[in-house]
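Start from the sequences, fold in the hints, and give me the full structure.
For the protein sequence lines, the chains are B and H, in the order given. Each residue of the first sequence is one higher than the one before, counting from 1 in this note's numbering. Each residue of the second sequence is one higher than the one before, counting from 1 in this note's numbering.
It should be emphasised that the hints constitute simulated quantities derived from the structure, not laboratory data. Each hint should be verified, as a subset may be incorrect.
The list treats identical chains as one, so a pair stands whether inside a single copy or across any two.
To be verified - With a Cα cut of at most 27 Å, we get these calculated BS3-like pairs of lysine-lysine: (1) 149 - 111; (2) 44 - 111; (3) 111 - 5; (4) 149 - 44.
Number of protein chains: 2
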Amino acid sequence: MRMSKGVEWTVHCCTLLAALPEGTNMPAARLAEFHAVPAPYLTKHLQALARAGILDSDSGPRGGFRLARPAPEITVLEVVEAIDGREPAFTCTEIRRRGPAGGLAASEYRKPCGIHALMDSADEAWRSELAATSIGDLALYVAATASPKAIGRAAAWFQQISVRESKTS
Amino acid sequence: MRMSKGVEWTVHCCTLLAALPEGTNMPAARLAEFHAVPAPYLTKHLQALARAGILDSDSGPRGGFRLARPAPEITVLEVVEAIDGREPAFTCTEIRRRGPAGGLAASEYRKPCGIHALMDSADEAWRSELAATSIGDLALYVAATASPKAIGRAAAWFQQISVRESKTS
DNA sequence: GTCCCTATACTCGGATAGCAAGTGTCCGAGTATAGGCGG
DNA sequence: CCGCCTATACTCGGACACTTGCTATCCGAGTATAGGGAC
Chain B
1 MRMSKGVEWT VHCCTLLAAL PEGTNMPAAR LAEFHAVPAP YLTKHLQALA
51 RAGILDSDSG PRGGFRLARP APEITVLEVV EAIDGREPAF TCTEIRRRGP
101 AGGLAASEYR KPCGIHALMD SADEAWRSEL AATSIGDLAL YVAATASPKA
151 IGRAAAWFQQ ISVRESKTS
Chain H
1 MRMSKGVEWT VHCCTLLAAL PEGTNMPAAR LAEFHAVPAP YLTKHLQALA
51 RAGILDSDSG PRGGFRLARP APEITVLEVV EAIDGREPAF TCTEIRRRGP
101 AGGLAASEYR KPCGIHALMD SADEAWRSEL AATSIGDLAL YVAATASPKA
151 IGRAAAWFQQ ISVRESKTS
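See below:
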């Protein structure tokens with residue numbers, strides 16, 4: 001059971017977007033550059049987030065991605081489900097109905113499969129934990145715990161891409 | 001993020017083995033027959049459980065698998081980890097250290113990555129839920145909730161394989 | 001000088017190859033058993 | 001009749017193809033901008 005790499009990338013991207021000023025957007029190429037990940041593949045995942053209603057996207061020059069809602073209203077679970085799928089990891093194939101002891105009428109299996117119920121319960125606990133934290137929480141955590149040097153470098157890079165844009169105009 | 005089918009199969013197998021009389025074992029072929037799953041592939045997974053110390057195996061005629069410990073002392077988490085691996089689904093690649101804002105000394109990243117911490121927390125909640133239920137609990141649940149007809153069929157099949165064995169002798 | 005038009009360059013969006021891991025299968029090594037043989 | 005030996009058949013154990021889904025990439029459609037020209 002392995003989670004897609006895209007989850008880590010997109011959650012980091014959302015956290016960065018949450019730190020941007022209101023109404024500001026950032027193209028996928030810049031997001032990829034900041035996180036040192038392959039740009040085309042990251043774009044694919046960001047599109048999935050746009051489809052899920054987590055990001056809004058603008059085309060053309062000065063275009064890019066931005067959070068569709070305030071960061072505190074976006075849970076990490078939403079991002080994970082947008083990338084990794086909404087269906088639970090465990091899929092019950094109703095083994096108990098098969099084989100020599102199975103084959104009975106559906107009415108004989110009214111109680112849920114015990115293993116299925118347990119797996120669903122564990123899955124629910126997992127999702128509950130991810131739903132309790134928002135992108136806004138993560139952004140605050142980063143702002144509070146990141147070293148001043150790292151924040152300084154991020155700010156410097158952010159200014160650099162601003163002058164890089166104004167140079168073309 | 002999809003869990004291996006082998007998890008469902010082996011948990012069902014362990015539950016069945018828990019229902020067997022003390023000291024009784026069952027070969028992989030019978031377990032596969034009862035659950036209507038491919039025997040060779042199930043064998044592969046049962047071997048993983050034997051390696052993990054969950055099952056004991058006997059070779060030769062009258063051989064087979066049996067629980068290595070009392071069913072209440074075997075948690076579902078053990079079975080899941082034996083099949084699906086012990087490492088967490090999410091792997092942090094320390095994205096924050098890469099890119100234009102990264103590249104600082106390791107001492108600048110003493111606080112753990114927020115996303116990493118959250119994912120570990122969710123993973124812990126998931127594992128905790130699976131560790132709270134034992135194979136013995138599942139066996140009791142099945143015995144309490146399965147329909148009398150299903151239990152009757154299982155008993156009939158169990159008797160049938162017994163006479164099938166005695167027929168050869 | 002102001003407005004409009006056109007060409008441009010940059011953005012997202014979906015469709016397309018490559019690869020790793022899970023899925024499914026097979027055959028060989030080892031062992032308790034069952035029958036036959038000798039005492 | 002009893003004990004031993006041998007051959008057997010059945011079991012687990014690890015090594016070998018195949019398929020699905022994640023990984024990585026590219027090119028095309030759409031749009032706001034910037035410059036030039038006309039009024």
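Right, here's what the structure says about each hint:
| no. | hint | in the structure |
| --- | --- | --- |
| 1 | 149 - 111 | between (58 Å within a copy, 14 Å between copies) |
| 2 | 44 - 111 | neither (42 Å within a copy, 31 Å between copies) |
| 3 | 111 - 5 | between (37 Å within a copy, 22 Å between copies) |
| 4 | 149 - 44 | neither (31 Å within a copy, 52 Å between copies) |
Checked against the numbered hints listed earlier, the structure breaks hints 2, 4; every other hint is satisfied.
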